[in-house]
Amino acid sequence: MSERVASACMAFANWPRRLLSDNLGRLALITALVFAGMSVAQPALFLTRANFSSMAFQFPEFALLGLAVMVSMLTGGIDLSVIGLANLSSMLAVMAMRSLAADPHAPGAAPAIAVGIAALLGAGALGGLLNGLAIAAIGIPPILATLGTGLIFTGIAVVLSDGAAVLGFPDAISVLGNGALLGVPAPVLVFAALAAALAFLLNWTSFGLRVYLLGTNALAARFAGINNFRITLGAYLISGLLAAVAGLIIAVRANSAKADYGASYLLLSILISVLGGINPYGGFGKVSGLVLAVLSLQFLSSGLNLLQVSNFAVDMTWGALLLLVMVINTGGLRRPFGARVVRLIERRKR
Amino acid sequence: MQRILARNETLVSLILLAFCAVTAWIEPSFLSVAALFDLFRNSIVPAMFAVGVLLVLASGGIDVSFTAIAAFAMYVGTKAMIAFGMGDSILVAFLVAGAIGLVLGLINGFFIATLGLPTLIVTLGTLSVFRGFLLTFVGTQLITAVPTGMRAFSRTMLIRFTAADGTIVSLPIAFLLLVIAVALTWLLLNRTMLGRSIYALGGAPESALRVGVNVVGVQYFVYAYVGVLSSIAGIVHASLARVANPFDLVGLELSVIAAVVLGGARLSGGHGTILGTLLGVALIVVINNSLIVLGIPTTWQNVVTGSLILFGTGVPALRTRFAALRAG
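Keeping their order, the protein sequence lines are chains A and B.
Note that the first sequence covers residues 0 to 349 in numbering that gives the first Met the number 0.
Note that the second sequence covers residues 0 to 327 in numbering that gives the first Met the number 0.
No lab work stands behind these hints: they were computed from the structure.
Relax, there's no trap hidden among the hints.
Pairs of lysine to any residue residues, derived as SDA-like cross-links and limited to a Cα-Cα distance of at most 25 Å, are as follows: (1) Lys257(A) x Val303(B); (2) Lys257(A) x Ser306(B); (3) Lys285(A) x Leu119(B); (4) Lys257(A) x Leu251(B); (5) Lys257(A) x Ser53(A); (6) Lys257(A) x Ile291(B); (7) Lys257(A) x Trp299(B); (8) Lys257(A) x Phe246(B); (9) Lys257(A) x Asn287(B); (10) Lys257(A) x Asp247(B); (11) Lys257(A) x Leu290(B); (12) Lys78(B) x Val313(A); (13) Lys257(A) x Gly250(B); (14) Lys257(A) x Ser254(B); (15) Lys257(A) x Thr297(B); (16) Lys78(B) x Phe311(A); (17) Lys257(A) x Pro296(B); (18) Lys78(B) x Asn310(A); (19) Lys78(B) x Ala312(A); (20) Lys78(B) x Ser309(A); (21) Lys257(A) x Leu307(B).
Between the sequences and the hints, there should be enough to build the whole structure, so can you do that?
This is the structure we're talking about:
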């Protein structure tokens, strides 16, 4: 009995080390530190209802794009077309809604909204499938396939709109961007629901397991009888759907759809994924890590904004944070040189 | 014959020729020296970037920060010319920019070679850091009154003559810089131990290490080389545009990488030639130039470029796939 108590005490005493031995724990600590730092630096402004509300309206759109990039990264690929697809899908959605409900303020636009959402998700699914086919059926490297399709998606949106903003969302759907339920902003609810669904899909279904296996070792996955073609297609399909929803939220918040909204979100969504511990070579990473990464970046940027630091400096701290986390995660300089070279070799083998 | 057909360069040349043929058929003036020089002029900066990117891809890495390095060096270099009161000499700008490129490249090298971090993540991070530093601490104002040295540089022509129809045809001296950069990089990659080490590192890092390649040194060299080359391209860009805009250039990185890969370099490392890289850049530049000539509205430009990337990478990918199937 006393031994068990002693070992429990030991385990308890060891928790800081256990926390820090794990990527997720370190990231949680960094997020908490950023939060604490900003709270101390600007308590009168940072710890206010208004600030929390504004942060909660800001992060879901790029967090959803981060989820979209994450799914593709888990398979060992990458999806650079998320922004293009997000804008194209939301543009098709607003065009569909506008043509069915001419007066945006009129009530009872439910059928128009239903068709609009169908157009949105349909475009996202088709775009995602196109990516999946280019990668899995033709065999184009993901970075190039999605760079090409991303240009095509953006290009179609430019051709459809002549580069202008497309207006005409029915009032009822604007709730998704500006409304709140029990004090929780609607975009956060959408993000939380989709993040939970994705976490369930990845952790509790055989599809999720297969995605991780494919990303860890595609050849071994094939010999284990996994249909790599279908898993890749599925992963990019999900990525496309998430991008489409992100596009809707971006467009609803801007009250219009445009071909070049969120251009800076592309590198940001990759940065979020990597910061969240998603291995860009595939096979590793959790939704919870991505959520922590999003929160830490949002705390950092809101806090710095309240400290009147320019947006460019915020970009700089994001980049620096990414480098810092990578150095900490990999042990950085403490590791002997030989181990670093071995790591280089192992990395390349994947 | 089979081998020539199977090369990526052949495919890119064929697409390029087809595009030129169609354009020339619709608009005969496309076949003039003036149009050719226009093409050369528009290729100078992207081609200098592309040659650097080729080195990185051949070594098995990827660099997305080179445009931020170029913008940084361009802006600081121009400012330095003005600040030192040496506006007459573009050499100052090149020296300052080159030094900045070297330092920023070595920073990339430190994270990649010494700390062993993944190249994409490092350069993604340094892209934000370099650009953020430039815009926060150096400035955001465009310099429209570029120093006299830069204006003189952009006005100095390598070739200049009057065409039959009376128009003046000219090619800026900056093209010579591209020729030098291409020649140097070709010699480096094909005629030196260092160049072969770069390919070896990209092709099989473990084997490279076992045969005694100084892996860390080679990586430092590659990222420093890209840094210096991009910086020089940045100064050329500011000279030709006659404005130093700190917001310029960043955003081009993925299309430059796409051009290099179209030209046959592989993201997995160990492959890629100078000729292919130049063809890839030429293709992208020709397409952007000739859409207007072909009467395609410029709104279609993204769609055409995107389709081309899919086609240009899809055909070799399919060919590899079928070859693997035939081999069983």
